[in-house]
Amino acid sequence: QRYHDRVAVNERVDAAVRAPAVEVVTLSDPGQRPAERDGWRQVTATGVYDPAHTVLVRARTFEHQVGYEVLVPLRLSDGSAVLVDRGWIPSSSAGAATRPDIPPVPGGQVSVTGRLRLPESSPGPLTQTDGLVEVRRIDPMRIGRVLPYPVLGGWLSVEVADPGLRAVAAQPDRQPIWMNVAYVIQWWLFAAMVPFGFVWLARREAGERTEPGVTVTYPSRR
Numbered sequence: 001q002r003y004h005d006r007v008a009v010n011e012r013v014d015a016a017v018r019a020p021a022v023e024v025v026t027l028s029d030p031g032q033r034p035a036e037r038d039g040w041r042q043v044t045a046t047g048v049y050d051p052a053h054t055v056l057v058r059a060r061t062f063e064h065q066v067g068y069e070v071l072v073p074l075r076l077s078d079g080s081a082v083l084v085d086r087g088w089i090p091s092s093s094a095g096a097a098t099r100p101d102i103p104p105v106p107g108g109q110v111s112v113t114g115r116l117r118l119p120e121s122s123p124g125p126l127t128q129t130d131g132l133v134e135v136r137r138i139d140p141m142r143i144g145r146v147l148p149y150p151v152l153g154g155w156l157s158v159e160v161a162d163p164g165l166r167a168v169a170a171q172p173d174r175q176p177i178w179m180n181v182a183y184v185i186q187w188w189l190f191a192a193m194v195p196f197g198f199v200w201l202a203r204r205e206a207g208e209r210t211e212p213g214v215t216v217t218y219p220s221r222r
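Position 185 of the sequence shown, counting from 1, maps to 185 under the numbering used here, and the rest follow consecutively.
Because the hints were derived from the structure by calculation, they are not lab data.
All C-beta atoms in this analysis are idealised placements derived from N, C-alpha and C, irrespective of residue type, glycine included.
Some hints could be false.
[Said to hold, decoys possible] Estimated spans, in silico, between C-beta atoms of each pair:
1. 94 <-> 21: 38 to 48 Å
2. 31 <-> 125: 32 to 42 Å
3. 35 <-> 98: 39 to 49 Å
4. 120 <-> 166: 11 to 21 Å
5. 77 <-> 99: 14 to 24 Å
6. 125 <-> 94: 23 to 33 Å
7. 29 <-> 90: 27 to 37 Å
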């Protein structure tokens, strides 16, 4: 069953990746988690960045280096916002207590293309330092509680990062299925060997009973 579940997850992800791009508001509403099938769909959004409410996602690793992912709300025409993961920046060389320099956002109205991501589990607490929110996990519904406008339940991870950042919208992690296939093959081989084992034991037992030079005497009945 586990094998079939993992295959189903991979098929759903593949279908989402191949689907044509749509506007993010068609798949995500404020304060609601998007449907599982829509995770990793390519989406577009048009609006104006609000850098005053930038969110830093700390302790994120990129190419074996620890840093931050930079989330900035993109204000949409209907007054709501979608959190856009603009990319990753390394931690400051001055130490963890020093915030790294964040590249400025493009001014004016922009159009962004990326992948729709679902809220991450175990969001943990939000901290606020110098006016910027810091989190460990990305959960737009939780982050939206400290923002002054409705926030879509899904977030957008860009495929092409702005200068000074590195895009983290890699292809989704698919469920490993070969391990389960190996287990299935192993059990099938074991099941196939069982009859041969019975035959071998039966022949061995029969051979021991008819071993030359051994006389078996049965008590006579009187």
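Tested hints:
Judged by the Cβ atoms, the range 38 to 48 Å given for residue 94 and residue 21 holds: they are separated by roughly 40 Å. At about 20 Å, the beta-carbon gap between residue 31 and residue 125 misses the expected band of 32 to 42 Å. Under the hint 39 to 49 Å, the C-beta atoms of residue 35 and residue 98, about 40 Å apart, fit the expected range. Look at residue 120 against residue 166: about 19 Å separates their beta carbons, and that is inside 11 to 21 Å.
Judged by the Cβ atoms, the range 14 to 24 Å given for residue 77 and residue 99 is violated: they are separated by roughly 32 Å. At roughly 25 Å, the beta carbons of residue 125 and residue 94 sit within the given window of 23 to 33 Å. At roughly 35 Å, the beta-carbon separation of residue 29 and residue 90 lies within the given 27 to 37 Å, and the hint holds.
Violated hints, in rising order: 2, 5; the structure is consistent with all others.
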